[in-house]
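Put together the whole structure using the sequences plus the hints.
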Amino acid sequence: MVQPLGYLKESASQTAGPYVHIGCTPNFSGIEGVFETDLGSGPLYNDKTKGERITVRGFVIDGSGTPLKDALIEIWQADADGLYNSPSETRGSADPNFLGWGRTPGDMSTGEFVFETIKPGKVPFKGGRWMAPHITFWVVARGINIGLQTRMYFPEEEEANAADPVLGRIEHRVRVPTLIAKKDGNTYTFNINLQGENETVFFDI
Amino acid sequence: MTNFQPETGGFFARDREMHPPAYTPWYKTSVLRSPQRALISLEGTKSEITGPVFGHNMLNELDNDLILNYAKPGEMPIGQRILVHGRVLDERGGGVPGALVEFWQANAGGRYRHKKETYLAPLDPNFGGVGRTITDENGYYWFKTIKPGPYPWPNGVNDWRPAHIHFSIFGHGFAQRLITQMYFEGDPLIWMCPIVKTIPDEEAIKRLVAPLDMNNTIPHDMRAYKFDIVLRGRRSTLFENRKEGN
Ligand SMILES: [Fe+2]
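Protein sequences appear in the order of chains A and B.
For the first sequence, position 94 (counting from the first letter as 1) is numbered 94 according to the working numbering, and the numbering increases by one without interruption.
To get the working numbering, take the position in the second sequence, counting from 1, and add 205.
Hints in this document: simulated from the structure, not taken from any laboratory.
Take these hints with a grain of salt, some might be off.
[Claimed, not checked] One-sided excerpt, in silico: chain B residues whose CB lies under 10 Å from chain A:
hint	residue
1	Pro226
2	Lys233
3	Thr234
4	Ala243
5	Met263
6	Gly279
7	Glu307
8	Asn363
9	Trp365
10	Phe372
11	Gly378
12	Asp406
13	Glu408
[To be verified] Capping the alpha-carbon separation at 20 Å, the derived lysine to aspartate or glutamate pairs in EDC-like fashion look like this:
hint	chain 1	residue 1	chain 2	residue 2
14	B	Lys320	A	Glu112
15	B	Lys321	A	Asp107
16	B	Lys352	B	Glu322
17	A	Lys69	B	Asp341
18	B	Lys320	A	Glu156
We put the beta carbon where it would ideally sit given N, CA and C, even for glycine.
Here you go:
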């Protein structure tokens with residue numbers, strides 16, 4: 001016999017189901033008066049936030065090519081200087097006018113999601129390397145048994161993307177473009193394909 | 206404000222053999238919504254070990270009282286009154302303070318308040334079915350609600366969801382993000398449910414079943430169910446020569 005390690009096991013994930021909006025964006029789902037606003041809704045920035053204003057939009061698309069109309073999408077990102085607004089950020093204080101977290105449902109009729117945010121700065125990796133500017137995504141919906149995590153990178157950051165250690169881990173290089181948004185002015189389009197030839201790279205991270 | 210120590214370690218690897226796989230054809234919606242390629246495994250980076258803080262000041266008094274937070278003045282929803290309480294822990298066994306816990310559910314008849322809901326059971330005019338809270342310094346949370354009813358759903362021709370409450374939990378790192386469901390002790394529908402059966406590990410299913418907790422009933426008012434939730438644990442940085450980022 002040996003001493004037991006005594007670790008607990010993480011609770012098993014279950015699908016968010018068709019009514020995730022009741023719990024996470026109740027005003028959007030038509031339940032008004034319980035919470036004043038839906039948490040994480042609206043622009044991630046205010047008038048005082050530093051950084052370049054951008055729009056990030058896209059669809060979550062199933063294996064038949066149909067956009068999901070019942071997905072919930074959350075993003076988490078660094079501020080313009082690459083600092084996270086988190087107690088686990090040890091390099092300094094992030095922009096107090098930028099939480100860096102947002103949540104939105106896809107549009108009920110089209111499925112499109114939209115975030116109004118700022119472009120994040122680069123973030124250090126270990127060993128003196130840097131991660132290119134990126135936004136972390138977490139997607140849940142009916143039919144998704146465990147939340148899917150992926151990242152959006154910026155197409156104009158060619159050099160930084162080429163040196164990015166996370167993108168560098170992707171063995172099949174043809175899949176790397178699934179993580180790079182398309183840019184049109186200040187608008188970035190980032191579609192998340194759950195299946196198919198262009199299945200988005202998802203991470204276990 | 207919360208005052209927990211900054212933690213900078215990466216999270217323990219997720220035990221993917223205990224969680225449901227993406228593709229579970231008996232839960233039909235998963236078929237076209239399941240990634241088919243292997244996930245790319247990575248040690249957590251700053252982007253996953255960090256996460257936002259939600260302050261208790263964002264909460265209103267009735268946010269954790271589903272019996273009253275949608276009811277008309279002087280009225281209450283119909284159904285069995287229950288208290289749901291427990292702790293948010295991580296795999297190391299300690300409480301997770303400051304965790305945002307959000308919950309949503311059907312009413313006593315198994316009907317959700319949602320535009321796309323078509324079940325013939327009636328809405329309860331006094332029940333919204335949504336609440337939230339933030340754990341205290343020990344990771345403890347509680348809320349009052351009406352016990353939800355089971356409901357039929359379109360999957361097989363005769364599939365019923367056991368009574369359940371949906372939970373979304375936000376710990377300290379974005380990599381801990383979790384959505385799950387709480388079931389009720391003694392419900393025979395649990396072991397027939399295609400969504401429950403997406404979980405390949407029987408012990409993991411049992412850990413989602415809340416026992417009746419007669420020690421925490423409110424006498425002459427409501428019974429209690431105890432539901433602990435475990436988030437991923439974090440590696441210690443004590444043994445590292447150099448603090449990350451310094
Ligand atoms: Fe449900």
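Structure-based check of all given hints:
{"no.": "1", "hint": "Pro226", "in the structure": "holds, 7 Å"}
{"no.": "2", "hint": "Lys233", "in the structure": "holds, 8 Å"}
{"no.": "3", "hint": "Thr234", "in the structure": "holds, 3 Å"}
{"no.": "4", "hint": "Ala243", "in the structure": "holds, 9 Å"}
{"no.": "5", "hint": "Met263", "in the structure": "holds, 8 Å"}
{"no.": "6", "hint": "Gly279", "in the structure": "violated, 16 Å"}
{"no.": "7", "hint": "Glu307", "in the structure": "holds, 5 Å"}
{"no.": "8", "hint": "Asn363", "in the structure": "violated, 19 Å"}
{"no.": "9", "hint": "Trp365", "in the structure": "violated, 14 Å"}
{"no.": "10", "hint": "Phe372", "in the structure": "holds, 8 Å"}
{"no.": "11", "hint": "Gly378", "in the structure": "holds, 7 Å"}
{"no.": "12", "hint": "Asp406", "in the structure": "holds, 7 Å"}
{"no.": "13", "hint": "Glu408", "in the structure": "holds, 8 Å"}
{"no.": "14", "hint": "B:Lys320 x A:Glu112", "in the structure": "holds, 18 Å"}
{"no.": "15", "hint": "B:Lys321 x A:Asp107", "in the structure": "holds, 14 Å"}
{"no.": "16", "hint": "B:Lys352 x B:Glu322", "in the structure": "holds, 19 Å"}
{"no.": "17", "hint": "A:Lys69 x B:Asp341", "in the structure": "violated, 35 Å"}
{"no.": "18", "hint": "B:Lys320 x A:Glu156", "in the structure": "violated, 41 Å"}
In summary, the structure is inconsistent with hints 6, 8, 9, 17 and 18 from the numbered list given earlier, while agreeing with the others.
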